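All chains should be built: construct the whole structure from the sequences, respecting the hints.
Heads up: the protein sequence lines correspond to chains A and B, in order.
Counting in the working numbering, the first sequence runs from 10 upward without gaps.
Counting in the working numbering, the second sequence runs from 10 upward without gaps.
Just so you know, the hints here were simulated from the structure itself, not pulled from any lab data.
Honestly, I wouldn't trust all of these hints.
No distinction is drawn between identical chains; accordingly, a pair holds when it is met within one copy or between any pair of copies.
In the DSS-like style, the derived pairs of lysine-lysine whose C-alpha atoms are separated by at most 30 Å in a straight line are [what the hints assert, rightly or not]: (1) K142 x K413; (2) K168 x K471; (3) K335 x K50; (4) K335 x K421; (5) K17 x K142; (6) K216 x K261; (7) K465 x K421.
On a predicted model such as this, the values are computed, not experimentally measured, just so you know.
Protein chains: 2
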Amino acid sequence: MDKETFRKYGYEIVDWIADYLENTSQYPVKPAVSPGEIKAKLPEEPPAESEDMQAIWQDFHEIILPGITHWQHPGWFAYFPANNSPPSVLGELLTAGIGAQCMSWETSPAATELEEVVTDWLRQMIGLPEGMKGVIQDTASTATLTALLTAREVATGFKSNEDGMKPVLRVYASSEAHSSIEKGVKLAGYGRDNLRYIDTDENYAMKPEKLDEAISGDLEAGFRPACVIATIGTTSSTAIDPLPEIGRVCRKHGVWLHVDAAMVGTAAILEEKRELLAGSGYVDSLVFNPHKWMLTNFDCSAYFVSNPSHLINTMSISPEYLRTSKDAQVNNYRDWGIQLGRRFRALKLWFVIRSYGVRGLQDMVRNHISMARWFAGKVIESGNFELLAPVSASLVCFRWNDGKTPETELDKINRQLLARINESGEVYLTHTLLSDRYTLRMSVGQRTTTRADVEKAWKIIKAAAVR
Amino acid sequence: MDKETFRKYGYEIVDWIADYLENTSQYPVKPAVSPGEIKAKLPEEPPAESEDMQAIWQDFHEIILPGITHWQHPGWFAYFPANNSPPSVLGELLTAGIGAQCMSWETSPAATELEEVVTDWLRQMIGLPEGMKGVIQDTASTATLTALLTAREVATGFKSNEDGMKPVLRVYASSEAHSSIEKGVKLAGYGRDNLRYIDTDENYAMKPEKLDEAISGDLEAGFRPACVIATIGTTSSTAIDPLPEIGRVCRKHGVWLHVDAAMVGTAAILEEKRELLAGSGYVDSLVFNPHKWMLTNFDCSAYFVSNPSHLINTMSISPEYLRTSKDAQVNNYRDWGIQLGRRFRALKLWFVIRSYGVRGLQDMVRNHISMARWFAGKVIESGNFELLAPVSASLVCFRWNDGKTPETELDKINRQLLARINESGEVYLTHTLLSDRYTLRMSVGQRTTTRADVEKAWKIIKAAAVR
Numbered sequence: 010m011d012k013e014t015f016r017k018y019g020y021e022i023v024d025w026i027a028d029y030l031e032n033t034s035q036y037p038v039k040p041a042v043s044p045g046e047i048k049a050k051l052p053e054e055p056p057a058e059s060e061d062m063q064a065i066w067q068d069f070h071e072i073i074l075p076g077i078t079h080w081q082h083p084g085w086f087a088y089f090p091a092n093n094s095p096p097s098v099l100g101e102l103l104t105a106g107i108g109a110q111c112m113s114w115e116t117s118p119a120a121t122e123l124e125e126v127v128t129d130w131l132r133q134m135i136g137l138p139e140g141m142k143g144v145i146q147d148t149a150s151t152a153t154l155t156a157l158l159t160a161r162e163v164a165t166g167f168k169s170n171e172d173g174m175k176p177v178l179r180v181y182a183s184s185e186a187h188s189s190i191e192k193g194v195k196l197a198g199y200g201r202d203n204l205r206y207i208d209t210d211e212n213y214a215m216k217p218e219k220l221d222e223a224i225s226g227d228l229e230a231g232f233r234p235a236c237v238i239a240t241i242g243t244t245s246s247t248a249i250d251p252l253p254e255i256g257r258v259c260r261k262h263g264v265w266l267h268v269d270a271a272m273v274g275t276a277a278i279l280e281e282k283r284e285l286l287a288g289s290g291y292v293d294s295l296v297f298n299p300h301k302w303m304l305t306n307f308d309c310s311a312y313f314v315s316n317p318s319h320l321i322n323t324m325s326i327s328p329e330y331l332r333t334s335k336d337a338q339v340n341n342y343r344d345w346g347i348q349l350g351r352r353f354r355a356l357k358l359w360f361v362i363r364s365y366g367v368r369g370l371q372d373m374v375r376n377h378i379s380m381a382r383w384f385a386g387k388v389i390e391s392g393n394f395e396l397l398a399p400v401s402a403s404l405v406c407f408r409w410n411d412g413k414t415p416e417t418e419l420d421k422i423n424r425q426l427l428a429r430i431n432e433s434g435e436v437y438l439t440h441t442l443l444s445d446r447y448t449l450r451m452s453v454g455q456r457t458t459t460r461a462d463v464e465k466a467w468k469i470i471k472a473a474a475v476r
Numbered sequence: 010m011d012k013e014t015f016r017k018y019g020y021e022i023v024d025w026i027a028d029y030l031e032n033t034s035q036y037p038v039k040p041a042v043s044p045g046e047i048k049a050k051l052p053e054e055p056p057a058e059s060e061d062m063q064a065i066w067q068d069f070h071e072i073i074l075p076g077i078t079h080w081q082h083p084g085w086f087a088y089f090p091a092n093n094s095p096p097s098v099l100g101e102l103l104t105a106g107i108g109a110q111c112m113s114w115e116t117s118p119a120a121t122e123l124e125e126v127v128t129d130w131l132r133q134m135i136g137l138p139e140g141m142k143g144v145i146q147d148t149a150s151t152a153t154l155t156a157l158l159t160a161r162e163v164a165t166g167f168k169s170n171e172d173g174m175k176p177v178l179r180v181y182a183s184s185e186a187h188s189s190i191e192k193g194v195k196l197a198g199y200g201r202d203n204l205r206y207i208d209t210d211e212n213y214a215m216k217p218e219k220l221d222e223a224i225s226g227d228l229e230a231g232f233r234p235a236c237v238i239a240t241i242g243t244t245s246s247t248a249i250d251p252l253p254e255i256g257r258v259c260r261k262h263g264v265w266l267h268v269d270a271a272m273v274g275t276a277a278i279l280e281e282k283r284e285l286l287a288g289s290g291y292v293d294s295l296v297f298n299p300h301k302w303m304l305t306n307f308d309c310s311a312y313f314v315s316n317p318s319h320l321i322n323t324m325s326i327s328p329e330y331l332r333t334s335k336d337a338q339v340n341n342y343r344d345w346g347i348q349l350g351r352r353f354r355a356l357k358l359w360f361v362i363r364s365y366g367v368r369g370l371q372d373m374v375r376n377h378i379s380m381a382r383w384f385a386g387k388v389i390e391s392g393n394f395e396l397l398a399p400v401s402a403s404l405v406c407f408r409w410n411d412g413k414t415p416e417t418e419l420d421k422i423n424r425q426l427l428a429r430i431n432e433s434g435e436v437y438l439t440h441t442l443l444s445d446r447y448t449l450r451m452s453v454g455q456r457t458t459t460r461a462d463v464e465k466a467w468k469i470i471k472a473a474a475v476r
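This is the structure we're talking about:
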């Protein structure tokens, strides 16, 4: 979508919202649609080629809008309000445009400090004691779960995050698995002690025979193996755990197999990368994030399960005030996850997939991978830099090493090098540790990044290295 | 904010985003700000009166933008991408404008069915097996926790949600508490069996002496009381648990006190309603949702804690690839909740509070409460309707009852009545059960709802009753 088209439809949607917020009452507050009626009007397969915004916008009016329950209707007296307002919509628009991910102060200082300020404003506004500190959660469900988890830890002297529950259930992941797995293991009550890290090979991929040994040993020792997490594209180096072999081990022992493909899952939209998810027939659940590498603004994370009834049995609640006459015929996604409240995230995903078409998304991913390969080639050719992991997608792990400097000095040199690279303000790279070595990570994936930007980065890196 | 102002700034922000997405490279990818620098430029207290959008927009440029880390910069090679795109921004804008809350099929059929379609598109695009079903989560952290919870339940034959962990920790809430508490108790590993529902009085508020008895009894029996959840405004009837008395019981026994004020917390912005949160000095954690009744589009839930170190000790993870040199000086909100990834929700909240001013928000809330009181008055006067609970905020619980019809027939009559009311398409009310009686809920809280809309609702209800 070019700039003029974005502006044209931006204005048009702004106009539409301006009218909508004023005239919501012209719609029936609750749509007269039957289960399946809207789905039947939508194509089962994603569009291969880019579609015109005009067609998407028209379908919104003809297909989606007639199936919307109008929470902003003045006749909304149901459940509870979820009222919005023009300035809030403007703030959300701007948030989407900036597209920042606000996990840490570093990844958006202004977002963090503004959050400190406005939550304190709220504290003052409702008259909470001065010492209380605020943070924004997505929903009260999450906030309440957070309170229960904290209360549990306080009540056990912060022991249950470590020790877990009885019976002793075990979880397995590679030693390169993402930190969210350790956090999940703690919060879900397994106890960190029951997360077993499985050794990796020279490419930082899980060794399936080690997994098999660990599970067998645990079974003999009376533990109950509950979950294996295979990573397709680790955070540190995009290492690829061997899914078919891991799947066979899980099948043999009857253990749940979850796949964390958060970043690299998107690469599987390429025919030539489809092998990344070979073995997915063994998978019980899998996650990948369109909000990372598929042009969908944060947040939007796609979670797949082979047997939804397990998920629903785990999550479902059905108090009287949420029951409806259609419950048996429809998906109530509140029972497919942790939160009760849910935004309409499918809409932006629909816009993206239609607007780019699968082909457009493939072109972008292929281009990023090719830029990463070009960069890796430069690293190899250079003589005073080295690759520290295979380039399986669009991340290059490397460091400065002239082959003459003692290993003991390389961490410090590379740490200083990274600081100098980032000082430029023109590029931003982060680091990790691989086999205890300080490693620079060149992660290529921004929509607007061109070959020229990667070339410039390489120049900045080389220049920073000779200083 | 009037329609023309919304359109003017809508266009201006669309234009700004159009330029920004093209010219992100003109900004330093990582801002050169020190911890506390942005906060120091923001007022410590919320504005009492409405501020002009021009002033807010100018402050965005002068204060916020210089502290943004530009994830959309072509020189972004840090962490992982969180790339967005013009159609995605348009989709998010539209989502914010519609402001639907998509927890159930009923609360937005089109959202649910579009989610089914686009997650299946994704499944096809990355080549997952045909049987797998998809759902959108906010982040991979949440998805992974979801997988771990499901795996745990499968491994224990769905027993650990019920039985919980050792040592046996107990949670207490009133029998009117929200379903998300039961869900949280299950997911956090306490086990549903260890959630004790405390009896309520004739106003559906928790009896503090019953709470004291329950905790004392549990202590004698060797259980460990971990958490009490007081509700300020229950979902069914906005009953108000007596916070000071409950707080004293918690203090006496050393038990964590969490307050669920999701809906009614907003009412405490009124001086005359400040008493709702009297006793907040006893509180360890509290949640209220600006996305419900404070003009902030979904999602935005404010969570407050008295001692952040407990929260951080429970939640924190610190893998090498997330460490920065500033960690000791700043809040990293990833350690204040469950997800690693976080949107910049503070921005819309800032827009809302400044744009309306505390006064503007108070006016809205006061107005909603007064409309609910008017409606309750009509119910009382009518002679053939009755109130089923006190009106403590903006929710009226009532039913048709002419005083002559046998109690055994009233549930059916009121169920049919609600269906007829909603058939009109002009209003939408939902129901609950209070003391096992089918109860109609008139929840007033939409920004655009006027006295005329409430009067119309009352007419529709009366007309539906005589049919």
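Now for the hints, and whether the structure bears them out:
1. Proximity of K142 to K413 under the C-alpha cut-off of 30 Å is found in neither arrangement, the shortest distances being 52 Å within a copy and 54 Å between copies.
2. Taking the closest pair of Cα atoms, K168 and K471 never come within 30 Å of each other, the shortest separation being 48 Å inside a single copy and 58 Å across copies.
3. Taking CA atoms no more than 30 Å apart as the test, K335 paired with K50 passes inside one copy only; the shortest distance there is 20 Å, against 52 Å between copies.
4. When the C-alpha separation of K335 and K421 is checked against a cutoff of 30 Å, the pair qualifies only between copies, where the shortest distance is 18 Å, while the shortest distance within a copy is 63 Å.
5. For a Cα distance limit of 30 Å, the shortest separation of K17 from K142 qualifies neither inside one copy, at 42 Å, nor across copies, at 36 Å.
6. Proximity of K216 and K261 under a CA criterion of 30 Å is satisfied intra-copy only: 16 Å inside one chain copy versus 53 Å between copies.
7. When the C-alpha separation of K465 and K421 is checked against a cutoff of 30 Å, the pair qualifies only within one copy, where the shortest distance is 24 Å, while the shortest distance between copies is 73 Å.
When each numbered hint is compared with the structure, violations occur for hints 1, 2 and 5.
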